[in-house]
Amino acid sequence: MTYGASDDLAMNVAERPVHVHDLQATVLHLLGIDHQRLTYRFQGRDFRLTDVHGTVVTDIC
Amino acid sequence: MHPALQHPLAINRREFFSRGVCTIGTAALASLLAQDGFASASSDAPSAVGGLAGLPHFAPKAKRVVYLFQNGGPTHVELFDYKPRLKEMHGQPVPESYFAGKRFSTMTGSPQGKLMLSPVEPFAQHGQSGAWVSQFLPHTAAVVDDLCFIKSLHTDAVNHAPAISFFLSGAQLPGRPTLGAWLSYGLGSDTQDLPAFVVMTSVSKGTTCGQIFYDFYWSSGFLPSRFQGVKFRGSGEPVLYLSDPDGMSRPMRRGLLDDLARLNELKLRDFGDPEIATRIAQYEMAYRMQTSVPELTNFSDEPNHVLEMYGPDVRQQGTYAYNCLMARRLIERGVRFVQLMHAGWDQHGSITTELYNQCRDTDQPSAALVTDLKQRGLLDDTLVIWGASSAARRFCRATSTTGRNGAAIIIPTPSRSGWLAAGSGPA
Numbered sequence: 001m002t003y004g005a006s007d008d009l010a011m012n013v014a015e016r017p018v019h020v021h022d023l024q025a026t027v028l029h030l031l032g033i034d035h036q037r038l039t040y041r042f043q044g045r046d047f048r049l050t051d052v053h054g055t056v057v058t059d060i061c
Numbered sequence: 001m002h003p004a005l006q007h008p009l010a011i012n013r014r015e016f017f018s019r020g021v022c023t024i025g026t027a028a029l030a031s032l033l034a035q036d037g038f039a040s041a042s043s044d045a046p047s048a049v050g051g052l053a054g055l056p057h058f059a060p061k062a063k064r065v066v067y068l069f070q071n072g073g074p075t076h077v078e079l080f081d082y083k084p085r086l087k088e089m090h091g092q093p094v095p096e097s098y099f100a101g102k103r104f105s106t107m108t109g110s111p112q113g114k115l116m117l118s119p120v121e122p123f124a125q126h127g128q129s130g131a132w133v134s135q136f137l138p139h140t141a142a143v144v145d146d147l148c149f150i151k152s153l154h155t156d157a158v159n160h161a162p163a164i165s166f167f168l169s170g171a172q173l174p175g176r177p178t179l180g181a182w183l184s185y186g187l188g189s190d191t192q193d194l195p196a197f198v199v200m201t202s203v204s205k206g207t208t209c210g211q212i213f214y215d216f217y218w219s220s221g222f223l224p225s226r227f228q229g230v231k232f233r234g235s236g237e238p239v240l241y242l243s244d245p246d247g248m249s250r251p252m253r254r255g256l257l258d259d260l261a262r263l264n265e266l267k268l269r270d271f272g273d274p275e276i277a278t279r280i281a282q283y284e285m286a287y288r289m290q291t292s293v294p295e296l297t298n299f300s301d302e303p304n305h306v307l308e309m310y311g312p313d314v315r316q317q318g319t320y321a322y323n324c325l326m327a328r329r330l331i332e333r334g335v336r337f338v339q340l341m342h343a344g345w346d347q348h349g350s351i352t353t354e355l356y357n358q359c360r361d362t363d364q365p366s367a368a369l370v371t372d373l374k375q376r377g378l379l380d381d382t383l384v385i386w387g388a389s390s391a392a393r394r395f396c397r398a399t400s401t402t403g404r405n406g407a408a409i410i411i412p413t414p415s416r417s418g419w420l421a422a423g424s425g426p427a
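Residue numbers (my numbering), protein chains in the order written: chain A, 1 to 61; chain B, 1 to 427.
Here chain B stands alone, though its shape is the one from the complex:
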């Protein structure tokens, strides 16, 4: 007989009830003890829920991360990688030294025969650090002293999805755990009411070059699936079935979940499958999120000056500005890793039109997040990363003079906030 069929037949009535009593009794005892404080963690235990023993390995500078992932390839030469020589060479062919004897992938394309492009908007130096930022990013320009620009990033990938996967998971093929999943696994969570790893996506208004957000960008890979990123929806309830249906009271929901958990615990004891443990934990998380998420998404406690700082889109769910404010609120509540993904940074032939829209939608909220975190003292131990997976190189495809081919990154360091890195990869 097939083992899967044999298993239920092997349990007789007496065995079923003996197991049931034992499990229910143990669970009830555990919860009673915990309530009374007998079984609670000792006072010197870390505040994190879960996480590995022995971690962190050494004193961290940051405890949490907001990754502002700019999907596509923000053209660093238009934004913060100032190259005066591009202006001098505007309209001239790409110098032979850049392609002679070199091989280019089909996606990358050879620069041979292409014309050089001057930056569209003027650049200026900002702050005490004198960082170069173009007029595309006036708000970012105002916070440059809190940022660290990395202008020498390089990657192995030549196309968007593999490059994003490489950045987030270390492998170009889907299937590996992503950064947020590794951190949730290693460090655990500072909250029991929200997932350790939250993902939110957005698309610029009127953009025509959006990229698809694949689930493997926040995958837990081969780690237990409770470390996977939980994606909040951009419209309606951020999490499905957040509200109980009519007629379902909270005690009734609680009772149902308790019964379900006991049945799942039986199965877990029999099979030891970590996915069952994940299922139990996720039901509990979902129950707590029914309370924590409505509170999280209610901006009525935000002062007007804070809302204004993030810009006019902040009240509109699903926008980048809304997500940036949500990121701060998530971080405040103990979420370990917030991954915002914003589509549309793929302006091959629309630098002079869509890059303006893209920067209008993202520049102010990104800078506001840094400022807001700083004002609350959260920037001291929060790492904010602004970046993408591939770079835009400085020539036009074909004969148009409005396009770029190609990426960039900000990563604030703690205390002085961060760093901003310009990718110079081959994509």
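Pulled out of the complex, with its shape left as it was, chain A reads as follows:
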């Protein structure tokens, strides 16, 4: 299957953009992980792979 599309000259995203953080959230989702709940406390803050971003691309899961 194909998801999303670039424009006529493949310069920019034309349809259904997927950001790097979206891809990371999606990979974690496929492995059964909620990317917002896999955290590690470091220097007083809960860190996660997707920082404060990321949306699971459910259409390809």
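The calculated lysine to any residue pairs, modelled on SDA-like cross-linking and capped at a C-alpha distance of 25 Å, are:
#, chain 1, residue 1, chain 2, residue 2
1, B, K374, A, C61
2, B, K374, A, G32
3, B, K374, A, T58
Keep in mind that the hints were calculated from the coordinates and are not lab data.
Fit chain B to the supplied structure of chain A, relying on the hints for placement.
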């Protein structure tokens, strides 16, 4: 007095031995109980070693990942992002709408005044899905129905190393844990004999545009360092000092490590530093790898038709083909995350020459891995990602008509294998 100097003086002889007896006794008891099954995990416990309680959060579709990281910027418009209009516009200036009023980073460069390029090789539709793939990738073209192409990826980074770091760790600056480290930390490992996270790198033969592989591409960041990727070497022993030196027998090695572990346990109890726990665990892992790695790297049990599927380079250590077969063997043995990194996808001015070499070295092994996993039923719960960190845009730098500026990705989904994503980022 400095606390570090005060500490050893604070332990007297009696205290030393009392601690020693207690620790050694406890360790011995634990190992005896475990052998007898009294202290072993209950039958409903997950098979994973380590990992967090409560994970996975929900039923996973995949249990492990092979990340085929194409280092540089595979030009998607030459490989699987078919754009007929590029052919029509070959040799014409880039349309003004693509640069007017826009700012470009120094690395990205403005397309103003550059000429458009037609794809070098013809494209055709393949499989039932009708996916477009060019003649650069005949083997990938044969497995397109098992792939999912993402053609709309975008990133914030404008140069290779920050972009790779961003893809793998979520931050452009080094120092964050990478995807493999997060998965090892969260899900643990399905094997005690190999690391949960293994990295292998390769470079195409005769390439002139290789990128450096920085250790932070498989860093554990601020996670405990036992979650860091273990990089297998591309020549000689994949792991240093795999063989015991002459005169060192296995029982002697075992005894030495046991003594060392007891001393380390004392320190761990005193200081509670997780790095000491890592050190103990890594000594044990290294001991087991002395047996597991020679078995892993011995391809003599692979049938000829499987070796042939991966192509002529498969027997040569350090090649992409060898690493792809190793990836399947690692996955079979319970490794959670295998990260292959292949250099050379940075053909600014050598599309018509080096892209052929690059595809020759990578196309067949990548497709073979998907096929091999599928034939063994492993593709049902293995995610294979083929991708890079930046994209190649469709114009030439200066006046040459043989270069691209710029990235792409395959990520198979379980059951139907995966997806392949074409990055369209600004790099």
